[in-house]
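> Sequence lines, in order, name chains A and B.
FYI, in the numbering used here the residues of the first sequence are 3 to 125.
FYI, in the numbering used here the residues of the second sequence are 3 to 125.
One thing to keep in mind: the hints can contain errors.
Same chains, same names: a pair is fine if it fits in one copy or spans any two.
[What the hints assert, rightly or not] No farther apart than 25 Å at their CA atoms in a straight line, the calculated lysine to aspartate or glutamate pairs in the DMTMM-like style are these:
id : residue 1 : residue 2
1  : Lys83     : Glu25
2  : Lys83     : Glu31
3  : Lys86     : Glu25
4  : Lys83     : Glu58
5  : Lys83     : Glu110
6  : Lys86     : Glu58
7  : Lys83     : Asp33
Worth flagging that the hints you see were computed from the coordinates, not collected in a lab.
2 protein chains.
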Amino acid sequence: MSKQGLPVVDVSETVCCAPLASEPLNAGEADELAPLFKAIGDPVRLRLLSLIACHEGGEACVCDLTGAFELTAPTISHHLKVLKQAGLIGSERRGTWVYYWINPRALERLSAILAPRQALFPA
Amino acid sequence: MSKQGLPVVDVSETVCCAPLASEPLNAGEADELAPLFKAIGDPVRLRLLSLIACHEGGEACVCDLTGAFELTAPTISHHLKVLKQAGLIGSERRGTWVYYWINPRALERLSAILAPRQALFPA
């Protein structure tokens with residue numbers, strides 16, 4: 003069977019309702035989820051994620067974010083890049099600035115994985 | 003007002019119901035939470051946490067955990083130590099073996115922080 007012939011499975015749906023405490027995570031799931039947790043395992047990135055999520059209109063320009071930190075713009079950009087590569091935020095350039103928004107499905111999925119035994123986001 | 007006179011606030015309670023998307027995390031909260039996410043930002047530790055959480059009776063001996071991995075016992079012990087230092091699991095030696103259990107409050111707190119805007123664990 004060719005790789006092209008494999009059905010596309012939206013893992014975000016299947017993992018969503020199978021919290022960590024219901025059945026053991028398999029190696030594939032763990033390999034997929036660990037980088038997302040690692041991406042938020044940094045205080046600056048955690049705050050950036052929160053600032054973006056809370057920003058008016060649900061999106062923030064990098065110019066809205068730098069003021070909260072005593073860090074250079076390139077350092078902030080590096081952390082935003084890590085969050086984007088993990089799929090936790092999206093971005094788009096509009097004119098001079100790049101705008102960022104969170105990916106709520108990704109956060110919801112991580113939240114559900116850590117949730118108590120009962121499914122928090124039933125299908 | 004003396005420092006001694008300040009009321010004691012249980013941060014685990016206040017953070018529980020203030021998800022990341024409701025109001026920006028402050029630096030102190032982020033510094034406190036990031037190491038917990040970092041601890042589970044590793045596929046082996048994520049699977050260990052899940053194996054312990056799912057184990058019969060809610061606790062597992064290191065002898066119950068090593069079989070799931072192609073890793074040496076010292077490596078597994080190292081990962082368990084990281085999880086314990088982060089406060090995600092507890093442990094106790096009984097005779098020959100050390101037994102581990104998860105700290106459900108810690109997982110609940112991380113889950114709540116990442117949850118959608120509405121509080122998932124109301125007081």
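> At 25 Å max between alpha carbons, let me know whether Lys83 reaches Glu31 within a copy, between copies, both or neither.
both (23 Å within a copy, 22 Å between copies)
> With 25 Å as the alpha-carbon cut-off, assign the pair Lys83 and Glu25 to within, between, both or neither.
Between copies, since 22 Å is at most 25 Å while 33 Å is not.
> What label fits Lys86 with Glu25 when the C-alpha limit is 25 Å: within, between, both, or neither?
The answer is between: 21 Å across copies meets 25 Å, while 29 Å in one copy does not.
> Is the C-alpha distance from Lys83 to Glu58 at most 25 Å within one copy, between copies, in both cases, or in neither?
Answer is within: at 21 Å inside a copy they meet the 25 Å cutoff, but 41 Å across does not.
> From the Cα coordinates, with 25 Å as the cut-off, is the pair Lys86 and Glu58 best called within, between, both, or neither?
within (20 Å within a copy, 38 Å between copies)
> 25 Å Cα cut-off: does Lys83 pair with Glu110 within a copy, between copies, both or neither?
Intra 20 Å, inter 28 Å, cutoff 25 Å: intra-copy only.
> I want to check one pair: Lys83 and Asp33. Are their C-alpha atoms no more than 25 Å apart within a copy, between two copies, both, or neither?
both (20 Å within a copy, 20 Å between copies)
The structure shown violates none of the earlier numbered hints.
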